[in-house]
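Asker: Each chain, written out:
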Amino acid sequence: MRINEPIRVAVVFGPGSSIKPVWFDWKNRKHAVLETTYTWSDLKGSSKRLHFAVRDDGGLYQLTYDTVEQTWELSGLEGQ
Amino acid sequence: MTVSERSIMHIDMNAFFASVEQQANPDLRGKPIAVIGRGRTVVTTSSYEARAFGVKTGMNTWQAKQVCPQIIFVVGDNRKYTHTSAEIMKILQEYTPLVEVFSIDEAWLDITHSLALFGSAETIACQLKARIRHRFGITCSVGIAPNKLLAKLASDQQKPDGLTVFKPADVSRILERMPISELCGIGKKLQRQLNLLSIYTCGDLGRHDEPRLTKKFGVIGKRLKEMGQGIDHAPVVPFGEEEEIKSVGHSCTLARDISDPDEIRRVLLQLSEMVGSRARRYGVSGKTVHLYIRYADFFSSWGKQTTLASYATRTDEIYQAVVAILATVELEQPVRLMGVRLTNLQHHNQQLPLFPEEQKKARMIQAMDAVNNKLGDFCVTYASLLQSKEKGSHVISPAWRPEGIRSVQVQ
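If you're matching them up, the sequences are chains A and B in order.
In this text, residue positions in the first sequence follow numbering that gives the first Met the number 0: the first is 0, and each later residue adds one.
In this text, residue positions in the second sequence follow numbering that gives the first Met the number 0: the first is 0, and each later residue adds one.
So here's chain A without its partners, still in its complex pose (with noise of 0.2 Å):
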């Protein structure tokens, strides 16, 4: 399911070029990432994004940052 909602994100940036969410607010309620399943990128005009699935307690999310722009939006649900 799309979702494409900005939302506020903790992130670890490094050692080097890793960025590990760690956790992500939505819906009045703290996400606490358990797990970064898969990572990918692409472009949207000549902005570089970076999507990140991941999984807490209760589902799957994918979580997009904008690399130009600096912002984080939570862009999809799976399986819900």
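Check before you lean on any hint, since a few could be wrong.
Below 30 Å or equal to it, Euclidean Cα-Cα: the simulated DSS-like pairs (lysine-lysine) are [unchecked claim]: (1) B:K245 <-> B:K303; (2) A:K47 <-> B:K303; (3) B:K30 <-> B:K158; (4) B:K188 <-> B:K215; (5) B:K360 <-> A:K19; (6) A:K43 <-> B:K303; (7) A:K43 <-> B:K89.
Covered stretches of chain B (in silico footprint by chain A; criterion: 3 or more residues with CB under 8 Å from a CB of chain A, positions within the stretch not fixed) [unchecked claim]: (8) 172-180; (9) 194-206; (10) 275-289.
Read the hints as simulated data drawn from the structure, not as lab findings.
The beta carbon of each residue, even a glycine, is placed where N, CA and C say it ideally should be.
We have chain A; now place chain B onto it with these hints.
Answerer: Below, chain B without anything else, positioned relative to chain A:
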């Protein structure tokens, strides 16, 4: 070093799209899944668990459900696949610069000159398989042989997660009883024609009289005999050294059949914009415009072309050409698929328009391209396309490549 001493590797990612989805969603691992397009009912690919039940690519979802009631349908995300493929190709290039991308999930490597650095071909294959599995959690089948034809044949022998080596001394024995349908390049139609000549195995093909093959199949007769003998001199052509592209095209299978002329023209305008913007981005212009239409029955189709007075890249020029072609044909059925292609190409040509009206159009296109290149395709587009729900490319073409003009950003 002679051609016969080459060491060629073919890598084929196993059930690629389905494997990526199973990695992205741990709940899908070990389960029968099928990847389908958004709003589509045809199986693009399926996991090995689903294949065990008889699920095949091209089946309708109801057919897949019939043979495998517990199947899970997953809407594919092409961006995941193109990203993963491009990253895998980068890993392959760490072993040799001679990597030829055959499709999104297949590549050949010429590792002849890498053996001194990395050891045996089997060592390279095991390292690659381990790295791909570790990084992406997916498996691949690898074939190693003295040429591309045999390497691909070898990788097909063991799926999933295989490693097959054809040593030069064993090639004749292996090919003797190998069905011709296993060879890359021999499709069902050619197979039927060869069967009519009592050719069923590669051994039969390799022994067949060359003049008879040439008489029946023309110039490819000699090539067919060589294929039966396991001979293939084709080099591994790395990225950037391929022949210049000969066409820029896009096609679109519609979610439903359409017959409304306005709707058909809207799709053609969108396809013309996709072709035009890609051509402009890479400095290519074309003189011949092709239109391809497939009807609702999915079997009948036609294609027509027109050659313009001058080279074109502008969307409106391409669109007017395809609409003119369409006007010459009376559509027999509703339409299911449309394709627009630009050929007769000229590379790196920038002809400046002479007349004020043309200059104005060129400036408008430049401004639109500048915005779309920065913010994304179709951010600024024609007003008549605003109603279209699905804009851009939703299918990974077989000609997709990780970089350059063939690297189409898919949705």
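Asker: Does the structure break any of the earlier hints, and which numbers would those be?
Answerer: Violated: hints 2, 5, 6, 8, 9, 10.
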